[in-house]
Every structure is written in structure tokens, then in C-alpha cells.
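Peer 1: One letter stands for each residue in the lines below.
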Amino acid sequence: MREQKLALISRNQSAKGHFQIAMEPSKGYGSDARRRNSSEAKNLTATLPDEIIFFDILTRLPVTSLLRFRSVCKLWRSLICSPPFVELHLTRSLSHQLDGFALLLPVYDHSSAKQHLLSVSHWGGPATHLLTLADSTEHPHVSENLNGLVCLHRGNGITYQSAKNSHSDHSVYICNPGRREIVKLPANFQIPSFPFYVHHHLGFESSRNEYKVLNMRVAKISSTERKCLIKYEIFTLGTDSWREIFPDSPPEAGGLFGHQESVCVNDAIYIGSYQKSELSWHST
Amino acid sequence: MASAPENEKNASAPEKKTLTLKSMINNEEFVVDEHVALQSVTIKNMVDSDCAGDVIPVPTISGEILALVIEYCKNHANPSASEDDLKKADAGIVAKDIYTLIDLVLAANFLDIKGLLEVTSQKIADSIKDLPHQDVREIFGVENDYTPEEEAAVRAEHDWAFEGFP
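Protein chains in written order, with the numbering used here: chain A, 1 to 284; chain B, 1001 to 1166.
If you're looking for bench data, these hints aren't it; they were derived computationally from the structure.
Quick list of the computed label-pair ranges, beta carbon to beta carbon: (1) B:Val1055 - A:Pro126: 55 to 65 Å; (2) B:Asp1145 - A:Leu90: 20 to 30 Å; (3) A:Pro247 - B:Asp1085: 51 to 61 Å; (4) A:Ser171 - B:Asp1126: 36 to 46 Å; (5) B:Val1055 - A:Arg208: 49 to 59 Å; (6) A:Pro83 - B:Asp1145: 21 to 31 Å; (7) A:Asn209 - B:Pro1057: 43 to 53 Å; (8) B:Asp1145 - A:Leu237: 23 to 33 Å; (9) A:Arg92 - B:Asp1097: 23 to 33 Å; (10) B:Gly1092 - A:Ala113: 56 to 66 Å; (11) A:His110 - B:Glu1083: 46 to 56 Å.
Partial list, computed: chain B residues near chain A (C-beta under 8 Å): (12) Ile1102; (13) Val1105; (14) Gln1122; (15) Phe1140; (16) Tyr1146.
Far from chain B, some chain A residues (derived; all Cβ distances over 12 Å): (17) His170; (18) Phe204; (19) Ala219; (20) Leu229; (21) Ile230; (22) Ser241.
Computed from a prediction, not measured in an experiment: that's the story for all the values here.
For glycine and all other residues, C-beta sits at the position ideal for the given N, C-alpha and C.
Starting from the given sequences, assemble the full structure and let the hints guide the process.
Peer 2: Written out as C-alpha cells, the structure reads:
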């Protein structure tokens, strides 16, 4: 199946310049015998080459239709989820607002003490329930939309030292509201003993086609000292672990306090700061 | 090529050059201005490389479809047509049933007319987006190679997308 996929993709790439000048019937277009008069005999199959079906037609469909059409056959299922298809579909979606969500709404239900995350599409209609977080009084923090993905984590990122209020759960989720899919990232990093805040920022590295989450933890060295220690870890989607990174010129911890807002542009994550200049961060 | 100041070229310049396209499906012939036909990269390549005779045979494209293609090319070769006019005219050309659209997208691909390929593909996408996947199978002539169990499992992964569908 994999080889078939690759063959199809490379065929498409070379075919964009398109078919030979010689105007002779070629196999790709079906023989005359298979042609039908369009006003009759509709039960005969059309003879569209796969690259037109996939790259010219299906990439123009909304996500909901594509998720249904995964059921057409095995080839469709694997191609609809293949990176070249996804990439082209994303490019078209961004220029046409093809689909996806316009709003993400964190909602708190007092009676059950649960947080819910809902999404609403560009065309309105009923909201879709994406996620429920129990035992959380604060809205989850939702990142900027990055190619249809958002990163969310519990609470406002600020941790408190009184045992009652402490957020022991720093779960991070990556959510694709268009597909209604949510992945919880492993949270195996160590929360420092005197945490100050824990923030997450979503980034995309185009050269490797990888999505990454930057985790920043600021901790006091002790409960009495003012001095802070910052730790950074990176998670690459598709892998299963965090790795610590050591930036060359780390920012002042104080300037970042309370700033969860960030945006990823051209492979760099920009994080809001109280200092004069913004911190930029390459997601490598 | 147009800049070559040869007598031969100058002589033919005043009168409008035409090409004849002939559908090999039903032998229908269409006489079109050359600049209209040159919207097709395939035909342009033929003309540029002197492969085109007086009559250009077009295999696998019926006269009915060829007429639509030529209508599109005429509209888009008209320099005074506004963007709005073209949009309306394009919408008229692709206001056809799905099987005609499939023939048209094939023709656009074969003749390499990018704009027509895009507008037809978009129309096909719009026409199938709310269809059940079983109908889409039939339209594209795709054989279902799932076992019933596999198909149910794939569907269950995004069951919500099937709300209201068989």
C-alpha cells in the first residue's frame, strides 16, 4: 500500500506539467469503449485518473466529507490521510476558509464542576463538544490556531503554593477541532517543587513538517528566595517524549510572568513579554 | 516567435488565423480563432512545435464537451471581459450533471487548461460533498475493497461525520 501511495504522489507531481503533446488516446483516459454519452448510461464507471480525483477534486472538500469518504475504499482512506494530500488540503482551506472552526468556547458547568470545550464552525450550526475536564475550576488555556491545530492546557498556567489550590495536573492536549480529535501529551516532565508557572506554546517547523510544543516551567529555587529557574522542554508530535533544551540566551523569567500568549510565524514561536522586546523562539 | 520579422509571418498576420478542432468521438468539427484555442497548453505546444495540421484531432472528447471547452476558452480570451462576467460565465458552463462534469474535467486536464480544470474540480467537489460515500463510489467507479467489519471500523473512527447518512 505504501508503495502504491508514493507512486501515485510522484506521478501527480510530474504530471502537473502535463501530458504529452501527442494527442493520442492514452490509457489514463480510458478507451473509447468505456466512454459513455453523459446523458445516458450513468451506471458505467467514469475513468478519471486517480491524481485528478485526489489532488484536484478531493482536496477541495470539507473535512467532514473527507472523513466519510475514507469509507469509500482502502486507497482513499490512506491517501486522504497522507502528508501531501493533507498539505494541499490545508493550503486550499486557508485560502478558501473551506471549513474548520471559527470559535472555541471553554464552558464551565457549575453543577458538575466540569470544564467543557466546545467548537463552532464557520457556518454556525450547533456547537460540537470536544473535551471535558473534571476537577478544574479554571478555563483551559487555548493557544492560537496553528494550521487548524490548537494546544490547550489546564488552568491558567499559574500554580499556587497552598496545597489546596495547587494544580497538580498540568495536562497538555493537542486538539484538531475540524476532525474532532484530541491527543493528550504525556506529562512525564518533572514539576519543580516550588513551581511558579507552567506554560505551553505550539509551534510548527515547516522544513521538517513537524509540530512542536514548547513547555516552559518557571520555579523558585526555594520558597523564600526570589530567584527563579526556568526549564524548557520540547515535544515533537508523533514522538512520545519530551526533551530538555538549553537556549543560548534565555529570557528573564520575570518578564514572561503571566504571559501565555504566543504565535508561531515562519518556524519561530513569539511569546508575549513585559520586557521591551518580544522573545522569539525557534522551534527546533 | 511573434517578434520574428519574417515575410511569411507578416503576410498571415492581417487575417485572423483559425484552427479546426475535431472530436474523434463523433467527428464534430469546431472552427476557432487560434488565440482562443491557444488557451489550451496542449494545443499551444502543438502549434509552437509545428505539429498542428489544419485539423487538430481531439481524441476521447465528445463534441458536446468540446463545445463547452471552446465556450470557456472564448470567454477567457476576451480581454474586455470583467472578472465578474467571467465568474458568471464559468458558473454557467459548469452548471451540468456530475457525469458531464467528469468528462469536462478530463478534457480540461487533457487539453491542459488550468482555469477550467480548477473551476470544474471545484464544482465536482461541491456536488459530491453532501453525498453518501456509497454514491461517491459509484460516481468514480471505485470498488469497495473493505470487508463489512473493516468498513464498520473505519466508519466508527469518525461516526459523527456520518450523522444523517446511510
